[in-house]
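Asker: Here are the chains, one letter per residue:
Protein chains: 2
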Amino acid sequence: MTATVNDRNGVDTATLFATLDAVKAAPQAAAFQFRAHNEWVNGTHSRGQIRDFFGVGEERAHERTFTFDADHPAVLVGRDNGPTPVEFVLHALAACLTAGLANIAAARGVRLTEVRSTVAGDIDLNGILGLDPSVRNGYQNITVTFTVRGDAPPEKLRALVEQSRARSAVFDVLTNGVPVTLEIDAG
Amino acid sequence: MTATVNDRNGVDTATLFATLDAVKAAPQAAAFQFRAHNEWVNGTHSRGQIRDFFGVGEERAHERTFTFDADHPAVLVGRDNGPTPVEFVLHALAACLTAGLANIAAARGVRLTEVRSTVAGDIDLNGILGLDPSVRNGYQNITVTFTVRGDAPPEKLRALVEQSRARSAVFDVLTNGVPVTLEIDAG
Numbered sequence: 002m003t004a005t006v007n008d009r010n011g012v013d014t015a016t017l018f019a020t021l022d023a024v025k026a027a028p029q030a031a032a033f034q035f036r037a038h039n040e041w042v043n044g045t046h047s048r049g050q051i052r053d054f055f056g057v058g059e060e061r062a063h064e065r066t067f068t069f070d071a072d073h074p075a076v077l078v079g080r081d082n083g084p085t086p087v088e089f090v091l092h093a094l095a096a097c098l099t100a101g102l103a104n105i106a107a108a109r110g111v112r113l114t115e116v117r118s119t120v121a122g123d124i125d126l127n128g129i130l131g132l133d134p135s136v137r138n139g140y141q142n143i144t145v146t147f148t149v150r151g152d153a154p155p156e157k158l159r160a161l162v163e164q165s166r167a168r169s170a171v172f173d174v175l176t177n178g179v180p181v182t183l184e185i186d187a188g
Numbered sequence: 002m003t004a005t006v007n008d009r010n011g012v013d014t015a016t017l018f019a020t021l022d023a024v025k026a027a028p029q030a031a032a033f034q035f036r037a038h039n040e041w042v043n044g045t046h047s048r049g050q051i052r053d054f055f056g057v058g059e060e061r062a063h064e065r066t067f068t069f070d071a072d073h074p075a076v077l078v079g080r081d082n083g084p085t086p087v088e089f090v091l092h093a094l095a096a097c098l099t100a101g102l103a104n105i106a107a108a109r110g111v112r113l114t115e116v117r118s119t120v121a122g123d124i125d126l127n128g129i130l131g132l133d134p135s136v137r138n139g140y141q142n143i144t145v146t147f148t149v150r151g152d153a154p155p156e157k158l159r160a161l162v163e164q165s166r167a168r169s170a171v172f173d174v175l176t177n178g179v180p181v182t183l184e185i186d187a188g
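Protein chains in written order, with this note's numbering: chain C, 2 to 188; chain X, 2 to 188.
Quick caveat, the hints were computed from the structure, so don't treat them as lab data. Be careful, since some hints might not be right.
Since the list can't tell identical chains apart, any single copy or any two copies may satisfy a pair.
Below, in silico cross-link-like pairs of lysine to aspartate or glutamate (EDC-like), each with a Cα-Cα straight-line distance of 16 Å or less [unchecked claim]: (1) Lys157 with Glu184; (2) Lys157 with Glu115; (3) Lys157 with Asp186; (4) Lys157 with Glu64; (5) Lys25 with Asp133; (6) Lys25 with Glu64.
All chains should be built: construct the whole structure from the sequences, respecting the hints.
Answerer: Dropping the structure here:
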């Protein structure tokens with residue numbers, strides 16, 4: 002496969018740099034709002050849709066609507082119609098670090114040949130079950146294991162992953178937290 | 002549709018309470034590890050798989066492997082092969098609050114007829130683009146809008162949602178943060 006400078010790692014670096022210049026010239030273009038819609042199906046089973054978002058000054062939509070079921074497995078009194086919500090969080094972290102890695106490698110002229118990762122989260126369900134007030138509801142810790150191969154020395158490849166972490170939106174919200182407001186229409 | 006006490010809201014409350022009793026008797030059964038696996042495809046496009054997990058003392062697997070693509074839309078220099086990673090986070094939060102709501106309503110004898118939600122997250126991409134060091138990488142705030150209908154007064158329905166928030170694993174990690182360790186195999 003022959004890649005050009007404009008398509009290193011499948012990243013259109015010319016457009017990437019042009020986008021950076023455009024945002025430098027008009028910083029308000031970088032104000033985005035992402036959204037997920039959800040409808041309860043039955044029991045712990047719900048169905049989410051991701052389609053619309055706001056960015057670069059206007060309402061936008063993905064090229065198609067993405068639909069994802071979530072559920073609990075039988076061992077957690079569900080019917081396993083989809084992953085658990087907490088597993089989607091781990092998926093999001095892996096995908097964020099990977100996308101950033103590809104962009105950063107392309108920008109720095111490194112050709113990647115393989116990127117794989119596993120994200121594991123340890124959770125004590127005594128928290129959400131309300132059985133032990135000293136146990137938190139969420140993960141106690143998360144471990145990301147990355148394998149990265151490419152045409153650069155190991156230390157340079159490692160630095161690319163570190164830089165991706167330093168610029169990861171999901172890593173930021175998971176490690177630093179984010180204010181969440183809940184509005185309820187009950188009736 | 003005739004529901005029995007054991008299947009209120011599609012929740013098997015007998016099994017739910019039996020599970021609570023089992024964990025009370027053997028708290029270590031509640032130690033779970035969830036995992037997501039990810040493989041880079043091209044550019045900002047990656048593919049995640051959710052299949053194996055540990056819980057109730059042994060390695061387990063979902064009834065099937067769940068596969069999810071993630072990507073950036075064209076406006077963010079991707080090819081829109083899937084939602085962005087940050088959208089998966091919003092989906093996870095909606096699904097977690099909804100599953101908890103159904104369980105809690107069932108346990109309290111409330112029959113739900115409708116649960117819908119939208120989760121919106123505001124993000125300034127000057128952060129991840131590295132253009133403004135005063136801007137964080139992740140969401141600046143997240144707003145959850147819930148619509149809940151059922152056979153209880155509005156205040157009781159509202160209290161169910163509040164209790165779901167109080168016991169939500171995803172709400173906890175997003176609002177309070179979680180330690181994340183990164184291990185890199187580079188070569």
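Asker: All the hints need checking, so say for each whether the structure fits it.
Answerer: To see whether the hints hold, each was checked on the structure:
1. Lys157 with Glu184: between (46 Å within a copy, 15 Å between copies)
2. Lys157 with Glu115: Intra 15 Å, inter 52 Å, cutoff 16 Å: intra-copy only.
3. Lys157 with Asp186: Intra 51 Å, inter 12 Å, cutoff 16 Å: inter-copy only.
4. Lys157 with Glu64: Answer is neither: 35 Å inside a copy and 40 Å across each miss the 16 Å cutoff.
5. Lys25 with Asp133: between (50 Å within a copy, 9 Å between copies)
6. Lys25 with Glu64: Cα proximity of Lys25 and Glu64: none, with 27 Å in one copy and 48 Å across.
In this structure, the earlier hints numbered 4 and 6 are contradicted, and the remaining ones agree with it.
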